[in-house]
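With the hints as your guide, set chain A onto chain U.
There are 2 protein chains.
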Amino acid sequence: MSSSKDIDDLIDIMAKLPGLGPRSARRAVLHLVRKRALLLTPLADTLQTVAATARECLNCGNIGTSDVCDICTSNERATGELCVVEDVSDLWAMERSGAFKGRYHVLGGTLSALDGVGPDELSIPKLTDRITTEDITEVILALNATVDGQTTAHYIADHLESRVKLSTLAQGVPIGGELDYLDEGTISAALNARKTV
Amino acid sequence: MSSSKDIDDLIDIMAKLPGLGPRSARRAVLHLVRKRALLLTPLADTLQTVAATARECLNCGNIGTSDVCDICTSNERATGELCVVEDVSDLWAMERSGAFKGRYHVLGGTLSALDGVGPDELSIPKLTDRITTEDITEVILALNATVDGQTTAHYIADHLESRVKLSTLAQGVPIGGELDYLDEGTISAALNARKTV
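In the order they appear, the protein sequences are chains U and A.
Each number in my numbering comes from the position in the first sequence (counting from 1) with 593 added on.
Each number in my numbering comes from the position in the second sequence (counting from 1) with 593 added on.
So here's chain U without its partners, still in its complex pose (with noise of 0.2 Å):
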């Protein structure tokens, strides 16, 4: 098509990155090609070092270039403070919100009878362990608030709550939020939880 093979594989595999389809992939294709020194090549060679290194770290399940991730190495993050998320992405926005100092537990996803996923599968029994051997004092549920999510959660709860604090993140109304385009579960929500001032 363009002439040349490996353009070609290079477009067809960028085309299945997701966000990206075959046009857009040959306008980033195009768009690398043409700013080597300043893209295509910084971008080979981080690419390579991911390839080789990344991995799940295994006590968290974060993605990073060690066994063990740099949030769990760090002795600044053993604050007893312990966040239960769903995925990695999540891990990485409560990150970007710069707001928590502790240490996260990736689930790797919900429970989910039909799906056949039971708590070995999501890292239950590891979480479990993690409460006695790094001396935690807090679990923050941060799963999402969906359905699967708060199912997950209170399958959680119920099997830590003789052994440690358990909290989850509060419901309300979002930071720059209009109630105009709020739905109705998150006014109630928001309502049942206010707070005088």
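Keep in mind that the hints were calculated from the coordinates and are not lab data.
A hint or two may mislead.
No copy labels: a pair is met if it fits in one copy or bridges any two.
Within a straight-line C-alpha distance of at most 20 Å, the following computed SDA-like cross-link-like pairs (lysine to any residue) qualify [said to hold, decoys possible]:
1) K609 <-> L623
2) K694 <-> V710
3) K609 <-> T721
4) K719 <-> V766
5) K628 <-> M687
6) K628 <-> D602
7) K719 <-> D683
8) K609 <-> N652
9) K598 <-> E727
10) K628 <-> D638
11) K758 <-> I724
12) K609 <-> R620
13) K788 <-> I768
14) K694 <-> D776
15) K609 <-> V626
16) K598 <-> S667
17) K788 <-> A630
18) K694 <-> V790
19) K628 <-> Q641
20) K758 <-> P718
Note that the structure is predicted; figures quoted are calculated from it, not measured.
Showing chain A alone in chain U's frame:
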């Protein structure tokens, strides 16, 4: 942010690609790390190859992995027809149609007095050379139907009309197009170029 510098670097570079932003770059990188054998390793390898070999064809300006691209070296494409396009992406679009069997000449842009783009910046001298050296009998001006594209087409036509047969792409109703959604200019052009059935 994600607890590993290499992965953060990869996200930063991916976010600079056209069509991707920080959020979709993070999604793409997570997807890549999870599909290591299927996507990450092939992408890293192909990018290395392309970064080492991709270059502009010295003859036509197409992007390939050798000094002279496959279209220019193929004897089957020496039909005496030369298709002049603005950009490599236009060449690829023509190739996808499969309708043209000759060779190409990529101008690399359009004439623009404001931006200081004259004929010498657009490989127009190279075009006139090729008409002699490659025994070109017909030049097809496949420039975009924009003001700049048509200005450039007129300039090239003025310079070449005594030396070679010149043609441009037909203008009219696109295949599958509905009149109700077409602009007035296209309808006028299609009416003026009407054909007897």
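Index of numbered hints that the structure contradicts, given in increasing order: The structure breaks hints 2, 3, 4, 5, 8, 9, 14, 17, 18; every other hint is satisfied.
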